[in-house]
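A.B. asks: Let chain A serve as the given structure and place chain B on it in line with the hints.
Chains A and B, in that order, give the protein sequences.
Letter 444 of the first sequence, counting from 1, is numbered 444 in full-length UniProt numbering, and no numbers are missing.
Letter 449 of the second sequence, counting from 1, is numbered 449 in full-length UniProt numbering, and no numbers are missing.
Listing some non-contacts, in silico: residues in chain B with all C-beta distances to chain A over 10 Å:
no., residue
1, E124
2, G322
3, C440
4, V456
To give an idea of the interface, some chain A residues facing chain B are shown, with a C-beta separation under 10 Å as derived from the structure:
no., residue
5, M1
6, W5
7, R9
8, T13
9, T134
10, N174
11, G176
12, D181
13, E369
14, G370
Hints were generated in silico from the structure; no laboratory data involved.
Where a beta carbon is used, it is the ideal one built from N, C-alpha and C, also for glycine.
There are 2 protein chains.
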Amino acid sequence: MQPNWIKQRAYLTPNRIGLRFGGESWTFQQLHEEALYKARQLAKFVGRGERVAIFAPSTPELIKVIYGCMHLQLEMVLLNGRLSTEELAYQIEDAQVAMVLAAASDVHKLPQNIEVMTFEQLIETEAIEINIATEWQDNQTISIMYTSGTTGFPKGVRQTVQNHSMSAISSALNLGITEQDVWLCTVPIFHISGFSILMRSLLYGATVCLYEKFDEQACVQEIVAGRVTTISLVSVMLERVLSEMERLQVQAHPNFKTVLAGGGSIPVDYLQRAAKVQLPVVQTYGMTETSSQTATLASIDALRKIGSAGKPLFFNEVRIQGTDEPFVEGEICIRGPHVTPGYIGRFAERASTENGWLLTGDIGYLDDEGYLYVVDRRADLIISGGENVYPAEIENALLAHPSVLEAGVCGLMDDKWGQVPIAFVVLKQAVTEAELQAFCHQRLARYKLPKQFYFVDSLPRNGANKLLRRKLIELL
Amino acid sequence: MQPNWIKQRAYLTPNRIGLRFGGESWTFQQLHEEALYKARQLAKFVGRGERVAIFAPSTPELIKVIYGCMHLQLEMVLLNGRLSTEELAYQIEDAQVAMVLAAASDVHKLPQNIEVMTFEQLIETEAIEINIATEWQDNQTISIMYTSGTTGFPKGVRQTVQNHSMSAISSALNLGITEQDVWLCTVPIFHISGFSILMRSLLYGATVCLYEKFDEQACVQEIVAGRVTTISLVSVMLERVLSEMERLQVQAHPNFKTVLAGGGSIPVDYLQRAAKVQLPVVQTYGMTETSSQTATLASIDALRKIGSAGKPLFFNEVRIQGTDEPFVEGEICIRGPHVTPGYIGRFAERASTENGWLLTGDIGYLDDEGYLYVVDRRADLIISGGENVYPAEIENALLAHPSVLEAGVCGLMDDKWGQVPIAFVVLKQAVTEAELQAFCHQRLARYKLPKQFYFVDSLPRNGANKLLRRKLIELL
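Isolated chain A, as found in the complex:
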């Protein structure tokens, strides 16, 4: 059991700034009161503990709605703003939500047959009297995020009160915390990278400095002025921040403490450039199923342990399936209070762990000091600009086209995005690349669209006829 975080935070540090956006700011007391009012409005439509979907850009209104939902102990399905209409329909249907809450600006992206309550309509709703829970159960679900595995079918991952709190606590024990902490959030709230910043803010009493979109100029201004202490970035964003700092010939303010860099490994060149502009980069290995970081590499080890994701956080354990030996590769397994208890919807019955261990599907090894190296991502995962792209999902989309007999997707190195997906297709009958592009565009988020289509006679397969995605690149 834990206290209601929003209420407790407002009680403990009412006058501390909880959120900054543009020129405006809100104390934790103000956020609590606004969230309470949202909860009273939401209570007209949904009961405590019900499930809702949320679809909106990163604005203060989104934060207030999220905190309002938390006051009502609603399970929030965070919908990715980049998804196609079809992908959104799948998740909304699978999650069986009582209600979809969306910013009016984004409603047009949602399936037309779905009833939506806009944030603007919610503001007009009468508030009713409610009693909010002053305590939360550890196993209560706060958020649900969809992520695809080997099958290409997205699974809704539960993230509970305990998952989020132990993730935040473990991070604090590793990175340290002070009363002056301000976490710059330019990563999406619908991803665990952004959502976990909100959770840390409530638990630490730290300010969230929110931007609707990533903007390297604004980031650099905040970092140089000493108005933020921490920022979460993926590789491609870090590069843009570095370029901007180099262009302006500026360094990070001494207040600035940490770049938490996730979503795949960071090129050595970036680390060296970061050191020159006084940006301490901390690389991390995390995922939706672990409510953010599992292992994190201290910045002092950044150049000594190049390519490593560091050591587990205090309450976490990492091991390599089937071995205790250093330098032996195998599937990375994770255990700890931050690991999801499971899925919802179609996959609700599927166990997420074995004896408490999450089998990530990622391949890696531990060195002789216990530092983790992630060698290959699960199920041939492609990481493009920090977004996870699952080949199977794109292949499934292509196979739905009447002209496509077989499809295989893999990642191609890309200077800007790290990787981009490319597709290899065996045809039943003639079709143009343009038609396939248009077909995918209807079904997939833009970042998942193959950058190239290659028409081939056959795909590399093993004896069991299983597609060998890692051999696709040899067809080029």
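C.D. replies: Using the frame of chain A, we list chain B on its own:
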């Protein structure tokens, strides 16, 4: 479930200093290895999970024995070094320990009929092969400390893995943590004030700077040189540190962050003097049953909320029995993951909580901002002519007099009034009884004025230097 803290800490930060004593220091890796060796020696005599008593001064050897016991998951009864032989015999018998471990220097204080393994004998013991547990259960008991509470009968209080970890985590969320933290420990390890410093060290990766005895000159040297960042003190120790700093005309180093001041409220005068020498004082309300701090007053609130113990730490709840109104006095009740699950021995069957709430027996109130004020420990309450008289209030009045170093107040049976308060005073410089009477008269209602003043050399205190008001009467 949690990882074995000692092993995990050695894995995560092997080269960080875990303990400093005199001119020596030990890394976490060294402590882990030495503790492991102790565990292998102890395993000759006790099995995993058994109960032992420990009786020794605060030396590195004690720390290694404690960590060794933790590797074996032993339940450690920490015996107070200032107890009488009779009191020690009671606790050892009540706890039914498998073994008593003691420093040779202290064996003579123990009951003669008890078999003791000295630390020195343990060092000579052959080490056997063992497998230590890599995981600990949340409800596993780490330590047991005896406390009398309101009844006068000492009860052995369990302090579990979860109690200690959530106490340390809650403290970190409140006070902040950094990699540079060094906690100066001059309070006894056999009290929760000292023992909790060890637990925080393991969880935070912070250095313990250990002293066998409190010594204000050494404390001041550490504080002024910037070699420590935090210190735990009780009021009387704080006064000695302040006097020494004033005598030397020195200020705390900018590295120094916090005096955590427990064991009763701190006189306003001390707070003002502390501010002048740059010592940020954080007052706390904690007890054995809550594995250290429950509520803590931030130093910025020290002079704004004089006499307050602050607000609860993040995962804790505090309420006043029978009321939700501000400023209404009643019994202080505490709930949270830091509250003991119960007692051992004679009181094993007695519930420590009601619906999760620990009834402390202490009287207090919450103000309109939710700050806790501890008015008095219930057992010390003096009832005089139907009026409630709280000794602490009278003592605070006396301590404001420039000639008074220490003051203790208790009730004396009185034919007319039932009880009357009497005062025991340790002087800094000469003063007449008449002057003190006049001084109090200005500050207190007539019924609160001490009927007698006794000038004494010292006041009765327990091992944590806490005033024992019930022993005052014996000074007569």
